[in-house]
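> Which chain is which? The protein sequence lines are A and B, in order.
According to numbering that gives the first Met the number 0, numbering within the first sequence proceeds without interruption in unit steps and concludes at 347.
According to numbering that gives the first Met the number 0, numbering within the second sequence proceeds without interruption in unit steps and concludes at 347.
Calculated from the structure, these hints are not laboratory results.
These numbers come from a predicted model, not from an experiment.
By construction, the Cβ of each residue, glycine as well, lies at the ideal position given by its N, Cα and C atoms.
Treat the hints with care, as some may be off.
Straight-line C-alpha distance at most 30 angstroms; calculated BS3-like pairs for lysine-lysine [stated by the list, open to error]:
id, chain 1, residue 1, chain 2, residue 2
1, B, K303, B, K119
2, A, K303, A, K24
3, B, K303, A, K303
4, A, K143, A, K119
5, A, K143, B, K24
6, B, K119, B, K24
7, B, K143, B, K119
8, B, K143, A, K24
9, A, K119, A, K24
10, B, K143, A, K143
Some chain B residues near chain A, calculated using beta-carbon distances under 8 angstroms [said to hold, decoys possible]:
id, residue
11, M0
12, I3
13, R4
14, L159
15, L164
16, R206
17, D207
18, A319
19, I320
20, I327
Footprint (simulated), chain A over chain B, 3 or more residues, beta carbon under 8 angstroms [what the hints assert, rightly or not]:
id, region
21, 113-122
22, 130-136
2 protein chains.
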Amino acid sequence: MQPIRYVLVGLGNLGRRFCEVIVEKAPLLRERYDLELALVGAADSRGAAYDANGLDPARVAAIKQAGGSVADYPGAGRAGWGALALVQAAEADVLLEASPVNLAQGAEPGLSCIRAAMRKGMHVVTPNKGPLVVAYRELHDLAKANGVQLRFDGTVAGGLPAINLGARDLRGAVVRRIEAVPNLVTGYVMDLLADGVAWDEALARARDEGVLEGDGSWDLEGWDAAAKLVILTNAVANFPATLDDVQRDGITGVDVAVLTAARQQGQLYRLLARAERQPGGDYALSVIPTPLPLDHPLGRLGSKQMGVVYTTDIYGVITAIIDEPDPIPSAMSMLRDLLDIYVESVLQ
Amino acid sequence: MQPIRYVLVGLGNLGRRFCEVIVEKAPLLRERYDLELALVGAADSRGAAYDANGLDPARVAAIKQAGGSVADYPGAGRAGWGALALVQAAEADVLLEASPVNLAQGAEPGLSCIRAAMRKGMHVVTPNKGPLVVAYRELHDLAKANGVQLRFDGTVAGGLPAINLGARDLRGAVVRRIEAVPNLVTGYVMDLLADGVAWDEALARARDEGVLEGDGSWDLEGWDAAAKLVILTNAVANFPATLDDVQRDGITGVDVAVLTAARQQGQLYRLLARAERQPGGDYALSVIPTPLPLDHPLGRLGSKQMGVVYTTDIYGVITAIIDEPDPIPSAMSMLRDLLDIYVESVLQ
């Protein structure tokens with residue numbers, strides 16, 4: 000039995016759900032992979048907890064569910080203890096960095112935690128787009144220099160293994176085009192607008208459904224899709240794109256009459272993220288509300304579905320779609336990455 | 000630069016295409032992965048060729064394209080030299096076993112070649128379903144015992160990484176259901192029948208298009224789909240299914256009136272391969288012509304598309320589809336597997 004000690008930073012929607020599910024998965028992980036996961040540290044915005052003998056993920060989840068902080072964890076929690084200090088102090092094998100995207104503050108504290116963990120020889124798994132958008136190449140090189148793995152399959156299209164599929168299964172190919180609908184909110188809102196629902200009402204419903212968070216500008220102005228496209232283009236096409244390279248148009252200015260007309264012609268409007276290989280080998284990146292005809296591989300996405308299409312020279316056109324009615328697949332992308340680090344063989 | 004010596008058994012549609020494309024890919028493989036592939040041996044049904052310094056894949060492809068045998072390869076070819084003898088004699092790192100499915104003869108010569116290669120410490124990559132259907136568990140154990148890898152992503156749904164996606168990216172999940180349309184011919188023929196084309200004419204067109212081979216019974220009676228389902232269920236659900244476990248119904252007895260009626264209701268008929276998890280943890284396997292409604296994840300497949308749907312407990316419902324207008328993606332699945340063996344990191 001191989002023990003794996005992990006630290007979890009960020010206990011919001013993804014971190015808390017991970018704690019809930021991982022408890023149920025313990026017997027399967029032991030039996031199928033001979034792995035014993037131990038949560039030794041956890042941090043949220045108000046504090047952190049550490050116990051080398053292991054915290055109970057179910058208890059952490061319950062504290063968060065009740066509106067508390069992990070700082071309240073009996074005997075192990077400390078109010079005001081920062082995530083970075085926890086990572087620096089912890090003896091652990093892996094960091095799961097699940098704090099929310101925070102580009103306004105330089106992707107902190109996620110970025111510093113990831114750097115610190117890798118310098119200590121810890122592997123890193125993160126569904127947080129911020130650090131990768133800000134410092135893709137630096138973090139990639141740092142992982143290599145420290146002989147650790149940096150995995151981030153959950154950054155794009157939730158629980159869809161879009162990055163794994165693109166980076167691993169397209170090896171040897173020239174990727175001619177990446178098309179993705181990696182964001183749920185924008186499609187959900189445009190579907191409602193086309194139904195005749197007013198803008199404010201559509202946003203309110205998205206908020207009620209839990210698909211819209213904060214002031215919404217990150218999603219609605221296309222930043223979320225652009226960030227995901229940047230990560231996809233780096234990881235799958237190995238092209239060093241940045242946010243500045245993305246021609247970006249969100250859905251805040253979208254014309255409802257255009258959406259309605261498209262609907263009547265059987266087209267689906269989605270905020271399409273696209274990277275197109277240019278003759279010189281560079282990629283042109285755009286995020287634009289786009290009418291998708293029915294016969295487009297993403298032309299029949301439901302409002303809780305995301306997808307990606309890779310057009311390649313030698314592997315045909317490969318489409319992958321996820322139906323993700325709740326955030327559990329997004330949260331569990333961290334388990335996928337973690338198992339991919341520790342389970343050697345592809346086959347059981 | 001890491002040199003990789005490989006032996007290619009089988010120079011039909013897949014083996015020959017592989018030879019054609021691999022020549023063009025040499026610079027990319029060197030630059031991107033620091034790998035130098037060398038074809039040191041090749042065999043077809045009439046003979047074999049071996050040169051420790053390397054054969055020219057383009058020349059092998061040209062000989063086959065002209066209707067010849069690799070036994071004619073100048074200086075290295077020998078008529079009547081069998082594939083197994085070649086594998087036993089060759090000094091090489093990997094066997095690419097691409098001979099056609101041959102269940103009638105115990106999946107030979109593929110099965111013996113694979114066994115011999117693994118016993119010599121060679122990795123094996125194969126898109127040949129036969130050996131895996133006949134001896135999945137034995138080959139799996141043999142690979143483990145010899146410390147080599149056995150990879151077969153190309154056995155299911157051509158160039159779609161259906162197995163990689165299922166076996167790797169669903170780790171940690173309980174797979175509740177596998178649904179696949181892994182065979183092109185049956186969908187192509189049923190589409191024509193629904194168009195009003197007569198059976199014989201539909202088969203003739205499938206043959207002209209190159210999607211139907213031999214007497215067709217392997218595809219039309221559902222054996223091909225059943226074999227792929229058996230492999231999927233073993234590799235993805237880790238359940239030891241065999242061909243005998245598959246409730247199998249091909250398309251030879253399909254009622255054209257039923258196809259036409261389904262078409263009028265907007266449904267797509269496909270030979271659906273399905274493995275459904277039962278309460279006790281076993282899987283029930285079936286291959287049955289099935290009407291797929293438009294909102295089924297595979298309900299809008301084109302006649303040159305194949306797909307798979309995984310319904311899981313923690314990763315939602317994941318669908319993957321390939322548009323494969325020619326056999327190149329199927330052939331190049333061997334490159335995908337080969338690179339996955341030799342390229343360590345997921346990211347470049």
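> All hints, please: hold or fail.
So, going through the hints one by one against the coordinates:
{"no.": "1", "hint": "B:K303 <-> B:K119", "in the structure": "39 angstroms, violated"}
{"no.": "2", "hint": "A:K303 <-> A:K24", "in the structure": "25 angstroms, holds"}
{"no.": "3", "hint": "B:K303 <-> A:K303", "in the structure": "27 angstroms, holds"}
{"no.": "4", "hint": "A:K143 <-> A:K119", "in the structure": "13 angstroms, holds"}
{"no.": "5", "hint": "A:K143 <-> B:K24", "in the structure": "26 angstroms, holds"}
{"no.": "6", "hint": "B:K119 <-> B:K24", "in the structure": "28 angstroms, holds"}
{"no.": "7", "hint": "B:K143 <-> B:K119", "in the structure": "13 angstroms, holds"}
{"no.": "8", "hint": "B:K143 <-> A:K24", "in the structure": "26 angstroms, holds"}
{"no.": "9", "hint": "A:K119 <-> A:K24", "in the structure": "28 angstroms, holds"}
{"no.": "10", "hint": "B:K143 <-> A:K143", "in the structure": "28 angstroms, holds"}
{"no.": "11", "hint": "M0", "in the structure": "16 angstroms, violated"}
{"no.": "12", "hint": "I3", "in the structure": "13 angstroms, violated"}
{"no.": "13", "hint": "R4", "in the structure": "18 angstroms, violated"}
{"no.": "14", "hint": "L159", "in the structure": "6 angstroms, holds"}
{"no.": "15", "hint": "L164", "in the structure": "6 angstroms, holds"}
{"no.": "16", "hint": "R206", "in the structure": "22 angstroms, violated"}
{"no.": "17", "hint": "D207", "in the structure": "21 angstroms, violated"}
{"no.": "18", "hint": "A319", "in the structure": "5 angstroms, holds"}
{"no.": "19", "hint": "I320", "in the structure": "5 angstroms, holds"}
{"no.": "20", "hint": "I327", "in the structure": "6 angstroms, holds"}
{"no.": "21", "hint": "113-122", "in the structure": "violated (count 0)"}
{"no.": "22", "hint": "130-136", "in the structure": "violated (count 0)"}
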